[in-house]
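In order, the protein sequence lines correspond to chains X and A. According to UniProt numbering, the stretch in the first sequence is residues 1 to 590, in order. According to UniProt numbering, the stretch in the second sequence is residues 1 to 590, in order.
Hints in this document: simulated from the structure, not taken from any laboratory. Note that the structure is a prediction, hence the values are computed from the model and not measured. Glycine included, every Cβ here is placed at the ideal spot set by N, Cα and C. A portion of the hints provided could be inaccurate.
Sample of chain A residues at the chain X side, in silico, Cβ under 7 Å [said to hold, decoys possible]:
(1) 26
(2) 54
(3) 55
(4) 70
(5) 229
(6) 230
(7) 443
(8) 560
(9) 563
There are 2 protein chains.
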Amino acid sequence: MDSAFAIKDQERYRDHSASLPNAIDLSHHLSTLSKNRQTSALKDLYRYAARPGMIALAGGLPNPETFPFLEMSAEVQTPDALSITPVTANPTTAEALDAQSMVKKPSFLSWLFGKKNTETITIPKAPVNSSPMDINLQTLLQYSSAQGHPALIAFIKEFVSKVYQPAFGDWDVLLNVGATMAWNHVVFMLLEPGDGVLYEEWSYPGAMNTADPLGTHKVSIKVDGQGLIPEDMNKVLEEWDEEKRGFRRPKVLYTVPTGQNPTGATMLAERKKIIYDICVKYGKSSIPYRQSGKDADSTCTADIIIVEDEPYYALYADPWVSRKHPKQFGARYADVEHHKDSKDTDGEFLKKLPPSYLKFDYQGRVIRMDAPSGIAQASNPERICGRPRNLQDLDFQAMVGKLLADTWKYDGYIRWLRGIKATYAMRRDWMCDLFESVFHLEFDQTLPLSPNIKWVTAYERTTPRTIMDEKAGFKSKKAVVSFVPPTAGMFVWLAVHLPSHPDFEQTKRDEGKDGVNKMLYDLWTELAESNVLVCPGYFFDAQPGVPHEGAEDIGFFRLSFSMASHEQMEAAVKTMYKVFIKFFQGKEAL
Amino acid sequence: MDSAFAIKDQERYRDHSASLPNAIDLSHHLSTLSKNRQTSALKDLYRYAARPGMIALAGGLPNPETFPFLEMSAEVQTPDALSITPVTANPTTAEALDAQSMVKKPSFLSWLFGKKNTETITIPKAPVNSSPMDINLQTLLQYSSAQGHPALIAFIKEFVSKVYQPAFGDWDVLLNVGATMAWNHVVFMLLEPGDGVLYEEWSYPGAMNTADPLGTHKVSIKVDGQGLIPEDMNKVLEEWDEEKRGFRRPKVLYTVPTGQNPTGATMLAERKKIIYDICVKYGKSSIPYRQSGKDADSTCTADIIIVEDEPYYALYADPWVSRKHPKQFGARYADVEHHKDSKDTDGEFLKKLPPSYLKFDYQGRVIRMDAPSGIAQASNPERICGRPRNLQDLDFQAMVGKLLADTWKYDGYIRWLRGIKATYAMRRDWMCDLFESVFHLEFDQTLPLSPNIKWVTAYERTTPRTIMDEKAGFKSKKAVVSFVPPTAGMFVWLAVHLPSHPDFEQTKRDEGKDGVNKMLYDLWTELAESNVLVCPGYFFDAQPGVPHEGAEDIGFFRLSFSMASHEQMEAAVKTMYKVFIKFFQGKEAL
Chain X
1 MDSAFAIKDQ
11 ERYRDHSASL
21 PNAIDLSHHL
31 STLSKNRQTS
41 ALKDLYRYAA
51 RPGMIALAGG
61 LPNPETFPFL
71 EMSAEVQTPD
81 ALSITPVTAN
91 PTTAEALDAQ
101 SMVKKPSFLS
111 WLFGKKNTET
121 ITIPKAPVNS
131 SPMDINLQTL
141 LQYSSAQGHP
151 ALIAFIKEFV
161 SKVYQPAFGD
171 WDVLLNVGAT
181 MAWNHVVFML
191 LEPGDGVLYE
201 EWSYPGAMNT
211 ADPLGTHKVS
221 IKVDGQGLIP
231 EDMNKVLEEW
241 DEEKRGFRRP
251 KVLYTVPTGQ
261 NPTGATMLAE
271 RKKIIYDICV
281 KYGKSSIPYR
291 QSGKDADSTC
301 TADIIIVEDE
311 PYYALYADPW
321 VSRKHPKQFG
331 ARYADVEHHK
341 DSKDTDGEFL
351 KKLPPSYLKF
361 DYQGRVIRMD
371 APSGIAQASN
381 PERICGRPRN
391 LQDLDFQAMV
401 GKLLADTWKY
411 DGYIRWLRGI
421 KATYAMRRDW
431 MCDLFESVFH
441 LEFDQTLPLS
451 PNIKWVTAYE
461 RTTPRTIMDE
471 KAGFKSKKAV
481 VSFVPPTAGM
491 FVWLAVHLPS
501 HPDFEQTKRD
511 EGKDGVNKML
521 YDLWTELAES
531 NVLVCPGYFF
541 DAQPGVPHEG
551 AEDIGFFRLS
561 FSMASHEQME
571 AAVKTMYKVF
581 IKFFQGKEAL
Chain A
1 MDSAFAIKDQ
11 ERYRDHSASL
21 PNAIDLSHHL
31 STLSKNRQTS
41 ALKDLYRYAA
51 RPGMIALAGG
61 LPNPETFPFL
71 EMSAEVQTPD
81 ALSITPVTAN
91 PTTAEALDAQ
101 SMVKKPSFLS
111 WLFGKKNTET
121 ITIPKAPVNS
131 SPMDINLQTL
141 LQYSSAQGHP
151 ALIAFIKEFV
161 SKVYQPAFGD
171 WDVLLNVGAT
181 MAWNHVVFML
191 LEPGDGVLYE
201 EWSYPGAMNT
211 ADPLGTHKVS
221 IKVDGQGLIP
231 EDMNKVLEEW
241 DEEKRGFRRP
251 KVLYTVPTGQ
261 NPTGATMLAE
271 RKKIIYDICV
281 KYGKSSIPYR
291 QSGKDADSTC
301 TADIIIVEDE
311 PYYALYADPW
321 VSRKHPKQFG
331 ARYADVEHHK
341 DSKDTDGEFL
351 KKLPPSYLKF
361 DYQGRVIRMD
371 APSGIAQASN
381 PERICGRPRN
391 LQDLDFQAMV
401 GKLLADTWKY
411 DGYIRWLRGI
421 KATYAMRRDW
431 MCDLFESVFH
441 LEFDQTLPLS
451 PNIKWVTAYE
461 RTTPRTIMDE
471 KAGFKSKKAV
481 VSFVPPTAGM
491 FVWLAVHLPS
501 HPDFEQTKRD
511 EGKDGVNKML
521 YDLWTELAES
531 NVLVCPGYFF
541 DAQPGVPHEG
551 AEDIGFFRLS
561 FSMASHEQME
571 AAVKTMYKVF
581 IKFFQGKEAL
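Start from the sequences, fold in the hints, and give me the full structure.
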């Protein structure tokens, strides 16, 4: 991070609660359950126990002598253990395949001077000093403040303030055991049985499976390769007919803005700003649902709470560049190359990240759920999230706290995130490059399902003669699959052109609207029988049974590029080619 | 554990699912929320990913290369680190005060041969073998089966089978992040808003604060020094008048049977058996609440689900013995002394533990929540608890799994529990002994609030002349406090005889039924001002605003003996003496 950037943010961090307005009162959104929740009287008493000279017989704490863990240590990677320039050239070279291990090989110099990519962190049993920031097992294995360890909380607050820069003052953070648990809390905090929840039309099943059992209704908003379509969201809300729908207009939006699961789409600043404004605008109609006894007209100008689930936030990377464009391809990662590993590109990295919804959140209506690399956090408006705190006795935070707050610290963590981003960008490139080398790709095509987005469409390869011949060849062929190369996350969302199948019309006539899913299931089975396991798109359907406008005849697969080795990925893409071509042409691929 | 015992249980463990009947169908108890819960289709797919040769692009797993933790290790106590004979004599001796550290001092021989009370456990990053029992960070930091790590689950199953011995076949266990979270799951799994929950009349606020916000009603059952009074439970259920109460008869009992929080009471086998039978018997009346479409008369013979929360189970110890009874006092811990640390007393230890409700549970209506020493587990009937599993991505189990399943194993864990039990029994003795040396105690007294239980009552000390004189002296004095020396847990539940205060009748006339709490609060404040912090009993009140029958004029304090050093405890009891006497007599104590 460059120093000018750092100083500015340090100042903002220090001053921000004084200089920014606080959140507006959104307590009318609290569910009955949440309103009923009370502060635990017992836990309040713990504070008195800290009075000097006090002999406390009041608490119910087990004796720390009976904790079996005396000291803990871990070998951890250094923040720069993952290269930020893992593979820039053809990944089929030996050098590149070597890079699949991803962990930076120590150079001769670093070997000579004993520089390692790992270090050891140790957590003692007893406190080293009396600061509440001291990380020790005795404190952490004890029942603790339900908010989380002060050192870890302070670390996360610094991160939120510097990286997300919320536009209101009195925000706070709350540690959770994973984002699923955080979303579970939010669901019970905000929703009543029978309420609607806004989802991307393809959404994460784990989130929907958490809210559905409460009896909530899924209300799907159309997406394209850049995430939620504001016009559709506006339309759904504007035309909301409570009588026809059978439930009041939704007041909660669940969204994965970066590297969305499953579509891989990333929302950039402009769209987020529009969506945010829509969420503010729909305040007026919330009046009927407000608590009685308050002056609705004067205070309530707000309505929809945005819950942004961001497991892939730091993975946002430069777009994939095809090898068909030698100039851009040569410059792939030029910016990273240029700066190499030098410290001052951390600022560049942060500047390139799409802003969080928090950046636009001047009212305190955004609840952010973070879980980078298994480290869970949530930044939420204090007003809304103050209540469920008392519920949760927190589990094991010692190691994570020691690592982030005491060892890596802010700068180290940012450097670590850059390495993760580079790792996933490299894997994204592997998969897109492999599609390019195995299929014939055409760029800048549009599909009816999202006319404003450029898709990459894959066709059967023709026997190459001249470029003109090839062009003529593919045009006579039918599209097989299309995708938008993702800029974040770990998924390629593959649109399968089922109408290219010779029996498509017949199947549709025979099976009705189930025809599409049936054909997709047949194709999925063919792939699985050929040892390639992908995820059928209908797992993610936020409007099951209702056709997706513009995609009525399209099936989807979600391909994950996070785990497979390059060798496995290459075999998988080649298998897909064979299976797809045979499926669509009824004959073996060329 | 003696070998005969071990073999018998090993056999039972191996055979029990074949030889015991399965749980009856209790699914009519599931809440709407729980019935709505569905298996996550996405997670089901994970299983296919294990097929040999399969290239999985289907999952959404992050790449383990990007986990920062490479290896973890911890220094842990050996199972015999805590002595099982920590203090048997007058604890004011130097030797005994030394024992406050509780950790066994290594003997000369153990020092000579390098025997330590600690060992180091290490968890590697990558799997060592392909067994699902292998404990490694890669598997554990990954999204995992929501039930928990197989090795830890297997360990807990062995423990449940051998120690609790459920009387039905198809039980299962589920790991939770602490018992509060487990109870939270149970609440949402079984209860609808407006349902009643049966609690001990004084109960753990953390549990009540979890269920109350759902809009549940507290229904309190009378307790004495031995826990729930079966006659009262029977009466409450038998005379249930849905119209008058405004809600249907409760179908969930929350109870802490061992070392109850706050009363310290422990329920033994006989009472548990009666309570269990009451819970079975009340099946018939549940018919109106059953799901339609089933033949209620033929299948439903069951009604109340017993949730036993057992953080203090292993702490059950021999009763406190007064030094007024030299014979018994001399034999205090004689059984432990006799067997010393030899392995074969583990069996004795287990035989002495009161049976879990699971031991009587031939129908599968018991949900057990365990959290010994920060290790959380729950043993629940499969039929009931199968559902919420899908919700929870589990957190950090590596260390606990490594310690229990791979290092200590079953026998080591039992030995460890014996040390914890001995530690808390010693501390219980400290407190009771201190009451005896500071106050004048009378034994075997009865109080109107539990006429069948023998209480110890504390009076002002008289200036000792002869024993006869002393007897005459204390009889003219008024009772100050009474307690039942606990056999488990970490609390003494102190009944304060407010009618001994000269202004008691006047205060009651002035303040009505708030008078008792007001006087107790004054006394609490006096103690706190004198640097002794205790917990007011009304924090635990399961029937706030309704007087407790037989205890209308009694206030309660909960004293914890888990944390204070002997020196602090002695100072606290002496301070209590002074404050109590001054409060009741209006003059300084003798």
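Results of checking the hints against the structure:
no.	hint	result
1	26	violated, 19 Å
2	54	holds, 5 Å
3	55	holds, 4 Å
4	70	holds, 4 Å
5	229	violated, 24 Å
6	230	violated, 27 Å
7	443	violated, 23 Å
8	560	holds, 5 Å
9	563	holds, 6 Å
Hint compliance for this structure: hints 1, 5, 6, 7 are broken, all remaining hints hold.
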